[in-house]
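Note that the protein sequences, when read in sequence, are chains A and B. Each residue of the first sequence is one higher than the one before, counting from 123 in my numbering. Each residue of the second sequence is one higher than the one before, counting from 123 in my numbering.
The set of hints was computed from the structure by calculation and includes no laboratory data. Please note that a few of the clues may not be correct.
Same chains, same names: a pair is fine if it fits in one copy or spans any two.
Stated by the list, open to error - Capping the alpha-carbon separation at 30 Å, the derived lysine-lysine pairs in DSS-like fashion look like this: (1) 186 to 297; (2) 274 to 186; (3) 224 to 124; (4) 274 to 199; (5) 186 to 224.
Protein chains: 2
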Amino acid sequence: MKKDMGAKIMLFPTPVFIVATYDSAGKPNAMAAAWGGVCCSVPPCVAISLRKATYTYNSLVETKAFTINIPGENYAKEADYFGIATGKTEDKFAQTGLTPVKSELVNAPYIKEFPLNLECKIMQIFDLGLHTQFIGEIGNVKADEALLESQKPMIEQIMPLIFAPNSANYYTIGKEVGKAYSIGKDLM
Amino acid sequence: MKKDMGAKIMLFPTPVFIVATYDSAGKPNAMAAAWGGVCCSVPPCVAISLRKATYTYNSLVETKAFTINIPGENYAKEADYFGIATGKTEDKFAQTGLTPVKSELVNAPYIKEFPLNLECKIMQIFDLGLHTQFIGEIGNVKADEALLESQKPMIEQIMPLIFAPNSANYYTIGKEVGKAYSIGKDLM
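Looking at chain A on its own, in the form it has when it is part of the complex (with noise of 0.2 Å):
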């Protein structure tokens, strides 16, 4: 049987993604955003929400870039900090050491420590309630070398993070179940 729970944000998996911008003074910061995803395929774009309060919000309306950090499960607890900590009061990179290195391509500073870092130019911006949609064309992926010496999938070597709306915790990706565009064929 099924229970109607109502207008709820309850569906999985959704990720964290680090968003780091630059502000007006030039200092880099960082927040967690597990509201967004990739949106379109060409041009290659992914798309983050946040709310008007954050101190990440006028930066991105202001420098209309940003970059997209994605942490492995030995970062988790930096994550979370990014996620809880504001920008406003607090210097992140100083409280977690982590390094911001200023992308070539974009206005925004990437994380040197995290395995992947999407560079991307804010090409629209929807304001759909609480929450202001940003969609970024993603100009360029920077990703550890030692990711790609392997035989080993990306995701695996990365142990990405995945947050958990509901119950608010953290999981990394567990067992392979399958190929995409394959395991579906016995159906066809």
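Position chain B against the provided structure of chain A, taking the given hints into account.
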């Protein structure tokens, strides 16, 4: 060292949302979408991006409604089939043996066997390029009652699928890494 990969969709995790709709003849259909995510908390909204060439595209435009159905790892084969077959020529519900149930709230069917169903009304449509983004307001979530009876977090009961772009395979979640809004406090 970092290597520049160019303008690619390379980020993790992305979800496996099974989007169900009625076509203009009232035939239920479903497809898999990995391009999507939550985009607003108030009102609660979820975004999905589809190519115009999909059979679902026209159904969304016509009915202004869809459901998102979250498959567990036990339905990986069906989820993949929904992604590779087309509703133009195939009756995907007949082929999978899954049951479409008419939503009482929106003009779309949900998948009875899947543990979580989000009933969504389309609020906005944004043409972004190859993909069009549909913003759906979540009017209600239907959850299997069994999910609510357990003390275990919902995500661990569902074991949702995760899609890995780049290697194109499915995973499910692994171990819990920590509590959100909590483990980062050590750094404050």
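Results for each hint:
no., hint, verdict
1, 186 to 297, "neither (38 Å within a copy, 36 Å between copies)"
2, 274 to 186, "neither (35 Å within a copy, 41 Å between copies)"
3, 224 to 124, "between (50 Å within a copy, 13 Å between copies)"
4, 274 to 199, "both (25 Å within a copy, 23 Å between copies)"
5, 186 to 224, "within (15 Å within a copy, 43 Å between copies)"
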